[in-house]
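**Student:** One-letter residues, chain by chain:
There are 2 protein chains.
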Amino acid sequence: MNFTPMTPSHIEDLARIVSSDRVSTGSSVLDLHAKDQSQHNPVRPEVVIWPESRDEVAAIVTYAENQRIAIVGWGSGSSLEGNPIPVQRGIVLDFSHMNKILAIKTEDFQVDVEPGLIYQDLNEQLRYSGLFFPPDPGARATVGGMIANNASGTRTVHYGSTRDYVLKLTVVLANGEIIEIGSRSAKSSSGYDLLHLFVGSEGTLGLVVEATLRLVGLPEEYAAAIVTFPTIQAASEAVVEIMRSGLNPASLELLDAACIRLFNQEKNLGLKEVPTLFTEFHGPYMTYLVEILEMVEEICRDAGHLGFKRGLGREERNRFFEARHELGEMVIRAHPDCGTQVIDVAVPLTAYSDIISSASLAAEEAGIPGYAFSHAGDGNLHLNLAGRKNNPNDWKLIEEISQELVIKALSYGGTATGEHGVGMGKKGYMAAEHGKSLHWMKQVKALFDPKGILNPGKIFP
Amino acid sequence: MNFTPMTPSHIEDLARIVSSDRVSTGSSVLDLHAKDQSQHNPVRPEVVIWPESRDEVAAIVTYAENQRIAIVGWGSGSSLEGNPIPVQRGIVLDFSHMNKILAIKTEDFQVDVEPGLIYQDLNEQLRYSGLFFPPDPGARATVGGMIANNASGTRTVHYGSTRDYVLKLTVVLANGEIIEIGSRSAKSSSGYDLLHLFVGSEGTLGLVVEATLRLVGLPEEYAAAIVTFPTIQAASEAVVEIMRSGLNPASLELLDAACIRLFNQEKNLGLKEVPTLFTEFHGPYMTYLVEILEMVEEICRDAGHLGFKRGLGREERNRFFEARHELGEMVIRAHPDCGTQVIDVAVPLTAYSDIISSASLAAEEAGIPGYAFSHAGDGNLHLNLAGRKNNPNDWKLIEEISQELVIKALSYGGTATGEHGVGMGKKGYMAAEHGKSLHWMKQVKALFDPKGILNPGKIFP
Numbered sequence: 066m067n068f069t070p071m072t073p074s075h076i077e078d079l080a081r082i083v084s085s086d087r088v089s090t091g092s093s094v095l096d097l098h099a100k101d102q103s104q105h106n107p108v109r110p111e112v113v114i115w116p117e118s119r120d121e122v123a124a125i126v127t128y129a130e131n132q133r134i135a136i137v138g139w140g141s142g143s144s145l146e147g148n149p150i151p152v153q154r155g156i157v158l159d160f161s162h163m164n165k166i167l168a169i170k171t172e173d174f175q176v177d178v179e180p181g182l183i184y185q186d187l188n189e190q191l192r193y194s195g196l197f198f199p200p201d202p203g204a205r206a207t208v209g210g211m212i213a214n215n216a217s218g219t220r221t222v223h224y225g226s227t228r229d230y231v232l233k234l235t236v237v238l239a240n241g242e243i244i245e246i247g248s249r250s251a252k253s254s255s256g257y258d259l260l261h262l263f264v265g266s267e268g269t270l271g272l273v274v275e276a277t278l279r280l281v282g283l284p285e286e287y288a289a290a291i292v293t294f295p296t297i298q299a300a301s302e303a304v305v306e307i308m309r310s311g312l313n314p315a316s317l318e319l320l321d322a323a324c325i326r327l328f329n330q331e332k333n334l335g336l337k338e339v340p341t342l343f344t345e346f347h348g349p350y351m352t353y354l355v356e357i358l359e360m361v362e363e364i365c366r367d368a369g370h371l372g373f374k375r376g377l378g379r380e381e382r383n384r385f386f387e388a389r390h391e392l393g394e395m396v397i398r399a400h401p402d403c404g405t406q407v408i409d410v411a412v413p414l415t416a417y418s419d420i421i422s423s424a425s426l427a428a429e430e431a432g433i434p435g436y437a438f439s440h441a442g443d444g445n446l447h448l449n450l451a452g453r454k455n456n457p458n459d460w461k462l463i464e465e466i467s468q469e470l471v472i473k474a475l476s477y478g479g480t481a482t483g484e485h486g487v488g489m490g491k492k493g494y495m496a497a498e499h500g501k502s503l504h505w506m507k508q509v510k511a512l513f514d515p516k517g518i519l520n521p522g523k524i525f526p
Numbered sequence: 066m067n068f069t070p071m072t073p074s075h076i077e078d079l080a081r082i083v084s085s086d087r088v089s090t091g092s093s094v095l096d097l098h099a100k101d102q103s104q105h106n107p108v109r110p111e112v113v114i115w116p117e118s119r120d121e122v123a124a125i126v127t128y129a130e131n132q133r134i135a136i137v138g139w140g141s142g143s144s145l146e147g148n149p150i151p152v153q154r155g156i157v158l159d160f161s162h163m164n165k166i167l168a169i170k171t172e173d174f175q176v177d178v179e180p181g182l183i184y185q186d187l188n189e190q191l192r193y194s195g196l197f198f199p200p201d202p203g204a205r206a207t208v209g210g211m212i213a214n215n216a217s218g219t220r221t222v223h224y225g226s227t228r229d230y231v232l233k234l235t236v237v238l239a240n241g242e243i244i245e246i247g248s249r250s251a252k253s254s255s256g257y258d259l260l261h262l263f264v265g266s267e268g269t270l271g272l273v274v275e276a277t278l279r280l281v282g283l284p285e286e287y288a289a290a291i292v293t294f295p296t297i298q299a300a301s302e303a304v305v306e307i308m309r310s311g312l313n314p315a316s317l318e319l320l321d322a323a324c325i326r327l328f329n330q331e332k333n334l335g336l337k338e339v340p341t342l343f344t345e346f347h348g349p350y351m352t353y354l355v356e357i358l359e360m361v362e363e364i365c366r367d368a369g370h371l372g373f374k375r376g377l378g379r380e381e382r383n384r385f386f387e388a389r390h391e392l393g394e395m396v397i398r399a400h401p402d403c404g405t406q407v408i409d410v411a412v413p414l415t416a417y418s419d420i421i422s423s424a425s426l427a428a429e430e431a432g433i434p435g436y437a438f439s440h441a442g443d444g445n446l447h448l449n450l451a452g453r454k455n456n457p458n459d460w461k462l463i464e465e466i467s468q469e470l471v472i473k474a475l476s477y478g479g480t481a482t483g484e485h486g487v488g489m490g491k492k493g494y495m496a497a498e499h500g501k502s503l504h505w506m507k508q509v510k511a512l513f514d515p516k517g518i519l520n521p522g523k524i525f526p
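Protein chains in written order, with my numbering: chain A, 66 to 526; chain B, 66 to 526.
It is worth saying that the hints were derived from the structure and are not from the lab. Mixed in with the good hints there might be a few duds.
Same chains, same label: a pair holds when it works inside one copy or across any pair of copies.
Distance condition first, Cα-Cα at most 27 Å in a straight line; then the derived DSSO-like pairs of lysine-lysine [unchecked claim]: (1) Lys-233 with Lys-507; (2) Lys-332 with Lys-492; (3) Lys-501 with Lys-170; (4) Lys-337 with Lys-374; (5) Lys-507 with Lys-332; (6) Lys-170 with Lys-473; (7) Lys-501 with Lys-337.
The model shown is predicted, which means the values in this text are computed figures rather than measured ones.
My request is simple: use the sequences and hints to build the entire structure.
**Tutor:** So this is what it looks like as structure tokens:
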């Protein structure tokens, strides 16, 4: 695919579409939109534009398609697989000005939002209505970015992924057409599910300019517990049993001893530095949760736990979650000369124990500092590996560990990416994961974006 | 689209692909595959074939595409919108020989099945594993038919629709290619969601030959209640409040007085003949459910209920559900000279009270016997209308009521079909519901089935 190199006259044309103070070719602006939080090489776009309406987005995309200029949507740059890096340069559309809540429909459990809204800000606003938007990738992600990646997080085991919360989208297609897909109904059997085709398509099929999200009631009560285990195997055995019990945890996170060590160093949590489960339950009243936690303790005891700390107060629980969400940064702080790569695979539950054990072992054997943490209830493993920035051998080893893990996950019938998306990092595994259906994904791409201007160089090998 | 009229030589060719005892042009066989449970005119196929493997399906579809012969998959014929009627004649593929459970993976909460398996038979087999497949359309539907229609039912308010339980599909495409889509992982962000494009596509994009379904644990305990109300409005007010409470009912069904009258006549249930809510809750132990039911009673009392019958025994609850599932047949028995049409729309919760009241009123004013029953928690209304078979005026009125309801549902941002699919009956509303995105659905159809041989004449106006 050949793209047109941009000239000053292109920039002038674009500045006529939006006001010129929302078009920038400034060096620091281009740098800020050249990379996400992954280790992939930065590529600067040729121009960054901040649209303020769907019509502006449509006009810019139309222009880009006519001129054959690459165009990539930008949320907060918090992705981990190079998903929004403008590898073919061109235009970055930064959605940070389109960050409004358009309507809160409390009694329908729905909210209409613009794509640049940060999900934590959405939940902050929703608090007064007693509702919330459950997916929680952790980073300060935008709703648009979450939709693009089908983001999920610590609550997904109970509440599902972003795709489970998207009812309706307004999308600008590559030809500049604005379409609405989906409905406000909780369920539907009406025609093809284009909605979920766009969710997780990483901005390669169209750009979301408005979303209607489903909300759920804030739980009346919650109760959490921290459980320690002698080994990862024992902890993952407990995970499988908790999932089988039907007790329906709202969170079920497994962290290895290395992660807990960081928590203690940075947050003074005073936790035992062994494999640790963090689990949380939501319910309508407290005595219910007390009984649930008793059942969970029994399961953990059978799996050979070392200790069970229950009845965490709200503060203690928040502290733990905060630490959990900062883990990526903690690893960087602990290894100031290193870059990090987060491996993200997901497998069926029976393969979980094996995949997490072999991941940790592989890092240990390679002498690469590894931090295994995972949304265990979903069978979704993250392994955060720290490699010295100027040591190509470290990065070769990291690449090898990563490859081995992905191939292992696929051999179990799992997926190369549980929640971080394909971006640039997982392109190479798409043929192995999807086989012949990858061809049909490409055909769908060609149908919606025949000139390939939307986020080129992603998803497809 | 012109299809090739079939000749004896086509039938001979097909009999060479499968054994000749699995190819039939017998009159009674063709009649049995000419209509579903809707009021749409029957159309006989030219031949019925019972494939026994994916390779046979692929070979037959390849042949049909080369010869330009229409081909429609057939489950149990229980659909309600004419979805599998072979309007362009040609081949019906009856999947009843492909009805095996291929593997139960208890510890992964998964099952691999063939499409012709009846879902009740699946759940019967699963009972010993403590797991079940929740979607329950009621009729003896096949898993393949449920996937084609994204079927749902009385448990959807808690457990979701069929699409929430499909992890992986093996599909035969129009060109005879066999592709696998999805994975065994509970979550994924890997490439385009083709999986959910096929779910609900009513056999127009491909034919499912194998499915991996997600299962959930059978609830330890359940408790149900029957609540009576003076008016539909009062009952629907209670529905909205129960949904807002976060008490998470496993079923929340609203039936009008006419339905209850039939229950009493046929099943001797001795129920008060007024608008009635049936609600059920699932949980890990009984005292929890007792408390939940107390909260529900309080909500219903505030909404002005007439009575609250709680703590139904398993038998009483089963009797009620049985009656609920037989409602369609009861209506037919109550009006032996009539045919019936079931209207199926879904709306956001705030529109629910209005839509159900105006539906009942419209039927009453037209003098058409109407039975309103609905998956109330989902905002999904069914209105079963009985029209005298030889009275065109009845059917004109039914058509008018139906149109008015669908248009009203769409004006509320709802959908023309909550769970019965588009088939032939809802084609006319697709432009109104989907606007410009209907064009893109057509393009997707043209991509996967360029000759239009798969279930022609459905979904698209």
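**Student:** Now, for every hint given, state plainly whether the structure supports it.
**Tutor:** The hints, checked one at a time:
Taking CA atoms no more than 27 Å apart as the test, Lys-233 paired with Lys-507 passes in both settings, with 24 Å inside one copy and 19 Å between copies. With identical chains, the CA atoms of Lys-332 and Lys-492 are never at most 27 Å apart, being 37 Å at best within one copy and 60 Å at best between copies. For a Cα distance limit of 27 Å, the shortest separation of Lys-501 from Lys-170 across copies, 25 Å, qualifies, whereas the shortest one inside one copy, 42 Å, does not. In this assembly of identical chains, Lys-337 and Lys-374 lie within 27 Å of each other by CA distance solely inside one copy; the values are 11 Å within and 51 Å between copies.
In the homo-oligomer, the alpha carbons of Lys-507 and Lys-332 never lie at most 27 Å apart, since the shortest distance is 46 Å inside one protomer and 56 Å across protomers. For the homomeric pair Lys-170 and Lys-473, the shortest alpha-carbon distance between copies (19 Å) is at most 27 Å, but the shortest distance inside one copy (45 Å) is not. Taking CA atoms no more than 27 Å apart as the test, Lys-501 paired with Lys-337 passes in neither setting, with 48 Å inside one copy and 58 Å between copies.
Comparing the model with each earlier hint shows violations of hints 2, 5, 7; every other hint is respected.
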